[in-house]
Every structure is written in C-alpha cells, then in structure tokens.
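Colleague: Let's have the full structure, built from the sequences with the hints guiding it.
Protein chains in written order, with the working numbering: chain A, 7 to 240; chain B, 7 to 240.
In case anyone wonders, no lab produced these hints; they're calculated from the structure.
Below, a list of computed lysine-lysine pairs in the DSSO-like style, where the Cα atoms sit at most 27 Å apart:
hint	chain 1	residue 1	chain 2	residue 2
1	B	Lys126	A	Lys150
2	B	Lys177	A	Lys126
3	B	Lys177	A	Lys124
4	A	Lys126	B	Lys221
5	A	Lys177	B	Lys124
6	A	Lys128	B	Lys211
To list a few chain A residues with every Cβ distance to chain B over 12 Å, as calculated:
hint	residue
7	Glu66
8	Val82
9	Glu92
10	Leu101
11	Asp104
12	Ser155
13	Arg158
14	Lys211
15	Leu219
16	Gly239
Taking CB as the label site, the calculated pair distances span:
hint	chain 1	residue 1	chain 2	residue 2	range
17	B	Pro132	A	Arg231	32 to 40 Å
18	A	Arg120	B	Lys150	30 to 38 Å
19	B	Gly199	A	Asp201	23 to 31 Å
20	B	Gly81	A	Val213	47 to 55 Å
21	B	His75	A	Val213	30 to 38 Å
22	A	Gly200	B	Val135	28 to 36 Å
23	B	Val135	A	Gly81	41 to 49 Å
24	A	Ala99	B	Val213	43 to 51 Å
Every residue, glycine too, gets a C-beta built ideally from N, C-alpha and C.
Number of protein chains: 2
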Amino acid sequence: EILAAIEAALGTPGPLAGKKAVVTSGPTHEAIDPVRYIANHSSGKQGHAIAAALAALGAEVTLVSGPVHIPDPTGVKVVRVRSASEMLDAVKAALPADMAVCAAAVADWTVANRATEKRKKKAGAPPPVIELAPNPDILAAVSKGEGCSRPRLVVGFAAETETLLDNARDKLARKGCDWIVANDVSEGTGTFGGDSNVVHLVDAKGVEDWPRLGKDEVAARLALRIAAVLGEGK
Amino acid sequence: EILAAIEAALGTPGPLAGKKAVVTSGPTHEAIDPVRYIANHSSGKQGHAIAAALAALGAEVTLVSGPVHIPDPTGVKVVRVRSASEMLDAVKAALPADMAVCAAAVADWTVANRATEKRKKKAGAPPPVIELAPNPDILAAVSKGEGCSRPRLVVGFAAETETLLDNARDKLARKGCDWIVANDVSEGTGTFGGDSNVVHLVDAKGVEDWPRLGKDEVAARLALRIAAVLGEGK
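Modeller: See the structure below:
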C-alpha cells in the first residue's frame, strides 16, 4: 500500500513538490595515512533509498554521500565526500532546506595523529598508536542551526549494538533533532550491508516499532511520514 | 603482443597447465568494534587481474580476496576473507602450490584493544586510543614455508609512498620471496583504485622498470614472466 501511495503520488506534482531536502548517506572515511583509514560497515543503502523516496514524492533532494559502492539514486543531486569534516561542509552548502535526514554513519572520531607518508613497520619498534579526536557532530549542528539555517524537520539515525532505545531517546534530546530512526546493527541482524531493516521511530512523544521491512520500504514509509508533516500547505 | 600471446596460448593447454597458483588480492579489514574497522585503499583490481592472467595461461588458481567491490575473475576459485589472520589461514589451506603471488594490501597491524560492543562517544570523556598489534606476515610465512609448503616461486608486492626501490629491495631480502613487484601508491599516482599501474620488478639480480600499463597488462606480463620460469617442463 505504501508503494501504491507513492505510485499514485507520481501522477500528481507530489506532496513534497517545491520542498528541499538534504539527505546524508554511507560511511565516512577518516585517514590514518595516505594508504590506511578508519571506516565503518554502512553500505549507504538506507540513506540512498530515503533520498530516492523523498524525490519520488516531489522533493528537490541533495544527497551527500560518503564512499559507497551502490548506484546513485535517480532524480537526486549527489555530492560525494570522504570524511566527516567534508560531509559537514557539503551539508551546510546544501542548506537551507525544509528537511534534513541524516542517515550517514558519520565517524565519531577522526585521526589526531594522521601521517602524511605511509606508516612503516619497523623491526623491534612497537606498533604505532592511533590517537583520535572528536569529529564535528553533523546532526547536532543541523538540529541546532549552528553555522547554518535549521530545516523545519530534522531526522537523525541511531545505529546501536546495545540498549538501542535508551540510546536513541538520549540522542534525540542531546542532538535537538525532531525524530530518530533507531536501528540495531549488531552482527547477526544483517542490517549493515543487508537489504532489510528493523527500525523504531522515536520522537518526543514516544516510540513506534516498525516491522522488519526492506530498506526501500523503510524509506517509503519514512518519506510518507515526512510528507504528512511537511507536505503541501503544511 | 602480450594479449596476442595469451590469446594464442588459449588455443593450447597453456604453459601453466597442471600448475597450481595461490593469489591474494584486495585489502584486509581489521575490526575496531562491531561497527568500525581499519581499511586501506586497495581495490583488488591488480590482484584479481593477476589471478585471471594466470588462469588464462592454464594454471589452477585459488584467489584469496579481502573485501572488494569488483567482480570475481572467471575461471578461478575465490575464497573471501576479511582480516589478515583469516587471509593467512586461507592461503595455508590453498597450499601446496607451484606459485604464490601476494598482491593483497594486508594490514600490517590489527587492533589490540578491539571492543565487542560499539564504542560510544561519552560527554567529557577523552576519545579512545586504538592500540595496534602486529599482524601475521603472510608473504614471509609463505616465502619461508612457515607452517606450510613453500611454493617454487613466491612473488610479493610493495606499495610505498616514498623511497620505493630501497624499500622493495629491503623487503625482498627480509621476506625471502623471489620477486617483488614495487608500485608507488602516493596520492596523485592514481594507482589505488585506478586502472593503470607503474611497477618495477625487483629480484636478487636487479630492478626492471616497466612503463605505465593497464593493470590487466601488468598482470599479463607478470603471468608470462612466471610461465617462463615455471611453464611446461620447467
């Protein structure tokens, strides 16, 4: 029925016509040296599907994507970045917008002691230590309008391996966003890299548990929820 | 003329018919926690091309590949691994063989303080430190026959960003392999992820500089050199 609703909407201007959206997707890579980097298991499938679903409802979408190996969604403008810092710059450049969906798995930390040449293994020397430093918090910056204009609706993602909902509620309050899509990315759930997802939509009023859905269906359902808040005339 | 030689060989049993080869390719990923890992920029293109080229000359090839986003070469057995430790196990399982080409960009270090749950950013707490520990040295283990049978010909790769040839000669002596294919992976060379490569073939006798070639051409040339040493009746 969700797809039917979207298909029905395709014949008309779409409930999000005239609205601007910024979506982040994929991982970020933080360089250790010219050869090595810190990555994470985000495939970008969920974020890319959300960008496509918002575009299908008529929104003008800028997708800011970390390094991924999936095709660009059709009908959206794609800006490719590597690090969290580059992603923040690209998001700010894409604002103002009516909505932001921060689905990227942004690295919490960057490498403080990044080397300009490849670190060499030296006989007898102890292994190097990688020192980390906090990355800019893109979701908080967008939610609080720090150095940018705050979209009317800001949606964040929480990827956790334990105490999922407590962490999601805490994140909602701490970051200042409107909704959190919380998903369990423990090994065995198949969420990272897989095609389906079990999510919980968390807002100030409570938690809504969604069934296991394809990532495309999660995206379609979320886009329709967004349209219900921001759609024509709202 | 290289391609012509291979094509000519295809009509016959091939100079490496009856010979077994093990090829490693791609990066390895070393887990930091269930979500994050240390990676490197190897695409697997060069290693996969070498596996295909050896198979084209008739060899029975096992390709042990780290996480890559390129298609499996045709006509080879592919074993997929993530970490350096898994790669070593898979290589040993594929031995004995007549030749081993270690083209993978194996992580020198694994994470000594790997976490079983996702590391959380905590307000006021300093960022974590990633402690590293040496990984098994796959090229040295194969070259020295440590816990495995030494192939007649062992070829290693050296990916460097500075003092390329000095490092390659040093690596040849230290690891005990027969040849080193040395390539410059500095930013700007386009080697990592690109389709061409500038390599130097280093053995105990000296250095041979090859021109810029497609990775497929580097692979074909290397396979023919291997066939000249190991081919029928040798």
